[in-house]
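Construct the complete structure from the given sequences, taking the supplied hints into account.
Below are the chains, spelled out letter by letter.
Protein chains: 2
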Amino acid sequence: MAGGGGTRFWPLSRKARPKQFLNLTGKDILVNETIDRLSGCIAAEDIFIVTNVTQAELTLQETKGRIRRDHVLAEPAARNTAACIGYAAMEILKKYGDGIMCILPSDAYIQKVDVYREVIEKAVRTAEETDSLVTIGITPTFPSTGYGYIKRVAKEEAVWYPVEEFVEKPDMETAKEYLADGNYLWNSGMFIWKASTILKKFEELLPDIYECLVKIGDAMGTEQEKEVLNEVYPVIPKISVDYGIMERSDDVVVLEGDFGWNDVGSYDALEVLYAPDENGNLQYGDCSLIDTENCICYAKDKLIATIGLKDVIVVETEDAVLVCPKDRAQDVKKITEKLEKDGKTEYL
Amino acid sequence: MAGGGGTRFWPLSRKARPKQFLNLTGKDILVNETIDRLSGCIAAEDIFIVTNVTQAELTLQETKGRIRRDHVLAEPAARNTAACIGYAAMEILKKYGDGIMCILPSDAYIQKVDVYREVIEKAVRTAEETDSLVTIGITPTFPSTGYGYIKRVAKEEAVWYPVEEFVEKPDMETAKEYLADGNYLWNSGMFIWKASTILKKFEELLPDIYECLVKIGDAMGTEQEKEVLNEVYPVIPKISVDYGIMERSDDVVVLEGDFGWNDVGSYDALEVLYAPDENGNLQYGDCSLIDTENCICYAKDKLIATIGLKDVIVVETEDAVLVCPKDRAQDVKKITEKLEKDGKTEYL
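Which chain is which? The protein sequence lines are A and B, in order.
The first sequence begins at -5 in our numbering and counts up one residue at a time.
The second sequence begins at -5 in our numbering and counts up one residue at a time.
Hints should not be assumed to be uniformly reliable.
Note: identical chains are not told apart, hence a pair may lie in one copy or across any two.
As the list claims (entries may be wrong) - With a straight-line cut-off of 30 Å between C-alpha atoms, the simulated DSSO-like cross-links for lysine-lysine are:
hint	residue 1	residue 2
1	Lys335	Lys294
2	Lys209	Lys332
3	Lys294	Lys328
4	Lys220	Lys320
5	Lys163	Lys327
6	Lys327	Lys304
7	Lys304	Lys328
Worth flagging that the hints you see were computed from the coordinates, not collected in a lab.
What follows is the structure in structure tokens.
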């Protein structure tokens, strides 16, 4: 899944170049890191990318031959994750008859790749053996209020656990209880299941969407494929797979993943990717900092000079400068909303 | 006087382009505002500019025909204000026999130009009639700890007052006392006197400098003029006219000036020049501010976007971005010192 609007890392990410195309790790852009991370675990020729139609060409270009052209599925409109996953499931069903799908966000960071691969392989086997909806829950390392949680059924240590419930982002007190409890895992948005299994779920729980998917599936491989997709896809009801299916199914199982996952949801996540210097600052590019602590300074073209700053994010890109305290990092998308409203679309 | 190192308004001002060349008012660069402000009061052909040798050409260019080429006096080295004023006095003595000199910093802001002109004219008459050292003290409008003060002898309202003493920048408590007292005025660095009178003071109080000035004066108009200047000027003792002469003379008189003066000493002074918007922000260029209060945002080429900032200065120029809380505005020069130390001289 490589969608997204490029709002949370503005001005680094843009509408036309969202987060998955950012090289935040210093190694490669996130989508390529996501693909390469699966090496030896899922064959490159078996990887599909579902993206927005406006980013399909960019995706092909930026992934530099990693992905087959016909494996880039271009959504004519953004209709949330249920539509995206249903579309991909239908494609797999039509192309291969059936198959285990691993649905992975293209823009997360994972520290321990070996552990990650092991968990993915176990998840694939679990999906094969149990034919249930498999998800990966991340071992929480701090009482996060920014993630949803998956409560697993407490039992002896096992490869997988039945899911008792999905819970929304908690307040701090609740998050602390979850952390202490030990049976709450972070919802990573990674899903593993048979294409046929998830499509049965659509039929049962989201029949309106299923009807659309069947129309799209029937046209696959015909001359009408694109026409039908363009007609049907934009009217698929917008719902996430979490709300639409996961939270309403009783055969969901979870595997625990303890592999240094981070969804890189906003600028403050960069502290996980990089080691701050002795003053707690992350510096990229040409920076000159005086009496500056725990700041993130990203300079593309110009020198960033600061005096007396604490817990502030300063980002300079080719046409914009963002300055914002770290505790407002989650609100960066408000800037893109304001720019949209003010008609300054050249900056989006 | 148009010297200065371009450190307090970095990155707007630079070593090669100090503050007097900044258009901070939105009308014209400060040096031209200073020249034009004298219109109808001092004839343009009687205006001289003393500047650094490296800025002489730029000064001629930027003043756009306002100043005669031979009226731009280029100091071969920066030797503080006593040298600068002595050099100009000698030039006037040699060129005109004698004359009243008005010594005015090139980079101050004055709101009420009519009042200013009246005060200058009165000061010229005072210098003519009394043959004393005349200075202009600014009516204080708040208990400033950033300016030196001139204490005048309390007496009936008059055109001029004898100066009782010059006092250093006070602490806040003392500044409040000065404001309440009514006989303390801000030291504006404006001086009015006869060239012959100040040169006599040099002879009496700063004989080493006087000796240098005589050598330079003797060479004026000869083929050796430049050679002697280059040889003698760089070894003139560095001292300010305040320390060297004003504070050591008992025939100093002061005129009160209440004309909205500001020395534009650092970024926070911009608030005097511009009316902040309803959130207390000063915006120049393309800015998009969310939950931002009492900030100064100066965007040259790029959009500046902020969220949740308070009392912060953000300045973007062609090659640098400065971010600094307002209460550190006085420390902007530390950045230039650090850049110098770090060898990043391209930004100076």
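* Unmet hints by their number, sorted upward, for this structure -> 2, 4
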